[in-house]
Amino acid sequence: MPSPGAPPVSPGRVLVVEDEPALSRALAINLRAHGWEVLTAPDARSALDTAATGHPDVVVLDLGLPDLDGTEVISGLRGWTSVPIVVLSARHDGEDKIGALDLGADDYVTKPFAMDELMARLRAAVRRAAAPEPTVAQVRVGDLSIDLARKRVQRGEAEVRLTPTEWALLELLTRNLGRLVTREQLLREVWGPAYVGEHHYLRVYTAQLRRKLEADPAHPRHLLTTSGLGYTLEP
Numbered sequence: 001m002p003s004p005g006a007p008p009v010s011p012g013r014v015l016v017v018e019d020e021p022a023l024s025r026a027l028a029i030n031l032r033a034h035g036w037e038v039l040t041a042p043d044a045r046s047a048l049d050t051a052a053t054g055h056p057d058v059v060v061l062d063l064g065l066p067d068l069d070g071t072e073v074i075s076g077l078r079g080w081t082s083v084p085i086v087v088l089s090a091r092h093d094g095e096d097k098i099g100a101l102d103l104g105a106d107d108y109v110t111k112p113f114a115m116d117e118l119m120a121r122l123r124a125a126v127r128r129a130a131a132p133e134p135t136v137a138q139v140r141v142g143d144l145s146i147d148l149a150r151k152r153v154q155r156g157e158a159e160v161r162l163t164p165t166e167w168a169l170l171e172l173l174t175r176n177l178g179r180l181v182t183r184e185q186l187l188r189e190v191w192g193p194a195y196v197g198e199h200h201y202l203r204v205y206t207a208q209l210r211r212k213l214e215a216d217p218a219h220p221r222h223l224l225t226t227s228g229l230g231y232t233l234e235p
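With the UniProt record's numbering applied, the sequence shown corresponds to residues 1 to 235, in that order.
No lab work stands behind these hints, which were simulated from the structure alone. Hints may contain errors.
To be verified - Only pairs whose alpha carbons sit at most 25 Å apart, straight line, appear in this in silico SDA-like list of lysine to any residue: (1) K212 to T165; (2) K151 to E184; (3) K111 to N30; (4) K212 to W167; (5) K111 to G76; (6) K111 to E72; (7) K111 to V83; (8) K212 to G178; (9) K212 to Y201; (10) K111 to G64; (11) K212 to R188; (12) K151 to R188; (13) K111 to I29.
Just need the whole structure built from these sequences, with the hints factored in.
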């Protein structure tokens, strides 16, 4: 336990990619006040260079950059690193959010935003990145044991019977444990490319899974919805 008066343990190094100088300064001041080590970049090219040399633990990325669109930064980073990317953008359109997440962003915060919320999102992104990938055969989610090898789910000592489609949906979410999976990705991988617009399929099947897996399906703790974007299986 830290001694009284000791400086807080740094949550990590963050790269802020923002072309508006006043906002970039405000973010840097607030992040440093919360213990972060801060790197900044005003455009896409310097962001990619700084990420390569500075090795941040998480990236805060504006999409409206002067030289390239921020989505180009996501693609460039994902070519060589899995560093968490939290988009911070004035773009509220659902297609922009889905596009950024599909390219590999981990979270999306719209402007204007609450600083406390952004801090919480950053901490969560770093925690998820540090968590081990579910490469083991069995994954624990609350009182559930999900056996990826045998394609079985147990709740306590009782086996949970799932249909093939329910299992396919749960398996994809389990392999992305703690990460948001977009509706389009789920529909494409579980039902096929022709079904990417059939969002009602997901509403029906996630409701079925919650009834089978959640202690209180009306107030789920593990299978969570991010409205308009997708679903997350939280451990």
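key: Holds or violated: K212 to Y201, with C-alpha atoms at most 25 Å apart   = holds, 17 Å
Pair hint outcome, K111 versus E72 [Cα-Cα no greater than 25 Å] = holds, 20 Å
message = Given the hinted pair K151 and R188, is their Cα-Cα distance within 25 Å?
response = holds, 20 Å
inquiry  = Run the distance test for K111 versus G76: straight-line Cα separation, threshold 25 Å.
reply    = holds, 24 Å
key: Pair hint outcome, K111 versus I29 [Cα-Cα no greater than 25 Å]   = Holds: K111 and I29 sit about 18 Å apart, inside 25 Å.
ask   = Does V83 lie within 25 Å of K111 when you go C-alpha to C-alpha?
value = Between K111 and V83 the Cα gap is close to 22 Å, so the pair holds against 25 Å.
message = Hint check: K212 vs G178, CA-CA at most 25 Å. Holds or violated?
response = holds, 20 Å
message = Between the alpha carbons of K111 and N30, is the straight-line distance 25 Å or under?
response = Since the Cα atoms of K111 and N30 sit roughly 16 Å apart, the hinted pair holds (cutoff 25 Å).
inquiry  = Would the hint linking K212 and R188 be met if the CA-CA limit is 25 Å?
reply    = Answer holds: K212 to R188 is near 24 Å, not above 25 Å.
key: Pair hint outcome, K111 versus G64 [Cα-Cα no greater than 25 Å]   = Satisfied, since the Cα-Cα distance of roughly 12 Å is no more than 25 Å.
inquiry  = Run the distance test for K151 versus E184: straight-line Cα separation, threshold 25 Å.
reply    = holds, 23 Å
message = Check the hint pairing K212 with T165 against an upper bound of 25 Å on the C-alpha distance.
response = holds, 14 Å
The structure agrees with every numbered hint stated previously.
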